Amino acid sequence: MTAPAISPPPPATAAIRPARRRSFNRARMFTVMRTDLRQLAESKDFWIPMVILGGFFFLIVPAIMLSIITSIGSVDAVQQVAQALDLLPQSAQQAVPQGVDSSAQVSYVLAVYMFAPIAVVVPLTISTAVGASTIVGERERGTGEFLAHSPADVREIYMGKLIASLIPGYLTTIVGFGIYSLVVNLLVGRKVGGWFFPTASWWLLILWVLPPFMAIALSLVLRLSARVKSTAAAQQASGLVTFPLILIAYSQSTGTLLGSGTPVLAFVIGVVAWIIAVALLATGFRSLTRARLLGVANEQ
Amino acid sequence: MTPPVTTTATTAPSRHPAAPPPDPSTPMTVEMRGVGRSFGSVPALADLDLHVPSGRITVLLGPNGAGKTTAIRMVTGALTPDTGTVRVFGLDPDLDGEEVRRRCGVVSAKPALYDRLSGRANLQYAAELYGLGRKADRPILDAADRFGIVDALDQQVGGYSTGMKTRLALARSVLHDPELLLFDEPTSGLDPESSHAVLELIREMTAGGRTVVMCTHLLIEAEGLADRIVVLDAGTDLLAGTQGDLTRLYWPPNLVHLSAANQGALGCLKGWDGVLAFTPVADGRPGVAEVQLDDLDRLPDLIARLVSEGVRLTRVEPHDPTLEDLYFAVRRDHRERLAATGRGDHPDGLAPVPAPHRPPPPRNRLDLAGEDER
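In order, the protein sequence lines correspond to chains A and B. 1 is the number of the first residue of the first sequence in this note's numbering; add one for each residue after it. 1 is the number of the first residue of the second sequence in this note's numbering; add one for each residue after it.
With the rest of the complex left out, here is chain B:
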């Protein structure tokens, strides 16, 4: 029998898991290797490796001060690295900055709009700087229409709401049909409805094959949006990959949380066919266990058998770690690694990581409590 495995965020491995290497066959729009940049004595980036595959949404996650904005600024060549190399479209932004920047669209955390000008004048300014010339009425109208601000185009931007400003900034970023979109916390300051609308627009934009890099510290935004996640902290990349890849680094597959009203009844699962591991949850709750199956399709049969053997199940919950679970697991792991190397007090901006917690109810949770009551 496979030895029991310990699971959930409570038992994330103490060793930093190896990040999956980028697939060499995937074309990369952005490649950073060993990039470092300091402002005075304060390091903003330290040995950052960043790979952004073409045509995908890459989300940079990290706390404030993790280096997300600095990384975006490196991509366009707005800042140059002290060490390391940056390649965007195969070009060095420091040498071929004009071409790189012409092929990028940027929305910064602050919309960076000219409040005294109208929305149309703001777009016109961008159109001219990005080489569309002074006769850019059609692209301006198209971009404004796409983001629902056509009616407000002739109003002064100072009178726009935060949501309208963000929409205008988004419209400006796609005006010149860029290949790479860089969004630095684009939903900052927006209400949930506007945030959702903006994220939908971002998702739509990648449908045309654009590459998107988005910075956020809001995990809920990245969930379901990101094709690739890069967790940053203290200016370096802790981990990168798809959410699925990264989840598998921290949790074994096919985990199920089971709860039963009769204590100890779940122990019968040990040795059952298809059960790879059985671990009673050690948090003082009797009748609660985690089970790893070889295949989740076994779950209905397993439930039926448990019920037939008199186990009164109150909850069956396939473990589906959220991005939040993953993020905190990564950061906790990083913190433990720092502590192990005697750098626990390193001023790397690490905020205290929340205590281990149960993941929120997953979308496919099967709650049998009601049936049990019947």
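Isolated chain A, as found in the complex:
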């Protein structure tokens, strides 16, 4: 266990060191990811409010509203709302079932064009909340010191944390929209001729458009998390960064559905979002350094 004899090192300075290519160890990346997720699972104070948030938007609000509308039938109020459907683009109007009563049409429109786009915000919120504290949290707890001294490359740490932040959002998307589909199909489906949600555009939005938006938001949030001094500051800053993204995601989802009624636009938006997401993810790890894990001032 003796160290090799050391020849006198050249009097070089740090500034002119040659860069050495470092291998990427996926096993370590997944270790970081698993450990972050395990900690999240132990953090009831985090996930209970998030479950409530998801339950509110995916279950409670649509269930109550659609139950009321479908049960009261074609009263005047519903008739007035139904008249507003004429304002929808032609393609969207064509998607609304014809030959059913106005309460069923209103329920359909609310389920596809209103409640679901709002619920899109939930997975984005959850993922950014996780991501905001993931790096600065290590620093605050002092565990960044452990990671900084570990053999793990900063790229492995960054990617592990990124995936660990994405998974809760994706899981919320799948589970949330699964529950949402069940609710709206059970309440409205029998009145519009069968199960209708997710529509083709919504399948694309859920599986193709939302994931890159979450990745874009998270890559920005992780950059912030690596730089700010506290979790509170990261949460504040990430809100500012992700709010426009949430608006874009919302407007794109509604705009895609209302504007075309076809999956083509959703697909194109997804392609653009994926390109941006990959570009941001590929460069995002540069924001993380060992010095930042340690929390030393004026790190390089």
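Calculated from the structure, these hints are not laboratory results. Everything numeric in this text was worked out from a predicted model, so none of it was measured. All C-beta atoms, glycine included, are put in the ideal place defined by N, C-alpha and C. Be aware that a few hints might be false.
Stated by the list, open to error - Straight-line alpha carbon distances no greater than 16 Å define the calculated EDC-like cross-link-like pairs of lysine to aspartate or glutamate that follow:
no. : chain 1 : residue 1 : chain 2 : residue 2
1   : B       : LYS270    : B       : GLU309
2   : B       : LYS270    : B       : ASP294
3   : A       : LYS229    : A       : GLU140
4   : B       : LYS110    : A       : GLU140
5   : A       : LYS191    : A       : ASP101
6   : A       : LYS44     : B       : ASP115
What the hints assert, rightly or not - Far from chain A, by Cβ distances over 12 Å, these chain B residues were calculated:
no. : residue
7   : SER161
8   : GLU193
9   : SER195
10  : HIS196
11  : GLY241
12  : LEU293
As the list claims (entries may be wrong) - Derived Cβ-Cβ restraints for the label pairs, each shown as a range:
no. : chain 1 : residue 1 : chain 2 : residue 2 : range
13  : B       : VAL42     : A       : SER230    : 19 to 25 Å
14  : A       : ARG286    : B       : GLY158    : 29 to 35 Å
15  : B       : VAL42     : A       : VAL268    : 48 to 54 Å
16  : A       : SER230    : B       : LEU95     : 29 to 35 Å
17  : B       : VAL42     : A       : LEU240    : 28 to 34 Å
18  : B       : ASP49     : A       : LEU207    : 57 to 63 Å
19  : A       : LEU207    : B       : ASP177    : 54 to 60 Å
Here the structure of chain A is known, so what remains is to put chain B in place on it, guided by the hints.
Frame of chain A; chain B shown alone:
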């Protein structure tokens, strides 16, 4: 006759003594040369030279802000130097960081544990990051057993006491059987009993040939533990060597403090065979002197002769400087040097050094007061 020498910490040389150069035949695990690192405009390390011999315990001593933690971080490559070179196992941590870090075990001042996870999950995490894979049950149990935390392995770390957390951090640091252990104030926040236990564990770990670097500002911890001491201040090394080497730089060997009830009686020692120097202590205490002998084995004969000549000895105390004496002597010397160069007000973090003091009673003190009373 040899001219009298002035002794004790009260008379530490005003010139900075030359540090003994590292033995070129000793393999070094860590070598830092001229390392500098600043955080913004604040220098953390300035021209630091650090040599850590393999298989030994090297203790970095210094006040808060001396650069001890930054030096540890440089070793693993967690921080890179602005200037100078760092070699660990002959490798540059900036280029071969993964290999260097895999061969190091670190315990930081704050245990750096995941409170929401169990002790076992914390160890499992480290095992996987350090390449032991997911089937590391045996090493985990062995490490936990070694530090007496097996029974607490499945408890959440948030519920651990400070001592248990330190033990877990120590267990984590040796899990992958590292060659170099870096401990940054590992007893911080521990009660004396736990501190003692931790230091014993550290001592045991070097028995297997591991190299240890330990930072502390608690001198009592380093006493008897350190094979090599490096005194840091303001990011630079003031002095390095074994405690014995460094002590000899500041005090001559074979010093004895004598006290006698009859004033002036000790003056008869001048010119005695084997007495190299005789210095009455100039602190206003009559009948107190320091004597340098050519050999401490002469002491019993010297005492017998003094008694036979009617000297009523009240105390005979071979001077055995503690690490605390040494540390303050080094820092006082450094302070005087700064003052001499007009940099006395340099913001180097130097706290006021305590006034010269008598060393605490050494372990081998021979107190004859009782005999004198008889």
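Checked hints:
no.: 1; hint: LYS270(B) - GLU309(B); in the structure: 14 Å, holds
no.: 2; hint: LYS270(B) - ASP294(B); in the structure: 14 Å, holds
no.: 3; hint: LYS229(A) - GLU140(A); in the structure: 8 Å, holds
no.: 4; hint: LYS110(B) - GLU140(A); in the structure: 11 Å, holds
no.: 5; hint: LYS191(A) - ASP101(A); in the structure: 8 Å, holds
no.: 6; hint: LYS44(A) - ASP115(B); in the structure: 14 Å, holds
no.: 7; hint: SER161; in the structure: 17 Å, holds
no.: 8; hint: GLU193; in the structure: 24 Å, holds
no.: 9; hint: SER195; in the structure: 20 Å, holds
no.: 10; hint: HIS196; in the structure: 24 Å, holds
no.: 11; hint: GLY241; in the structure: 19 Å, holds
no.: 12; hint: LEU293; in the structure: 40 Å, holds
no.: 13; hint: VAL42(B) - SER230(A): 19 to 25 Å; in the structure: 21 Å, holds
no.: 14; hint: ARG286(A) - GLY158(B): 29 to 35 Å; in the structure: 33 Å, holds
no.: 15; hint: VAL42(B) - VAL268(A): 48 to 54 Å; in the structure: 52 Å, holds
no.: 16; hint: SER230(A) - LEU95(B): 29 to 35 Å; in the structure: 33 Å, holds
no.: 17; hint: VAL42(B) - LEU240(A): 28 to 34 Å; in the structure: 30 Å, holds
no.: 18; hint: ASP49(B) - LEU207(A): 57 to 63 Å; in the structure: 60 Å, holds
no.: 19; hint: LEU207(A) - ASP177(B): 54 to 60 Å; in the structure: 46 Å, violated
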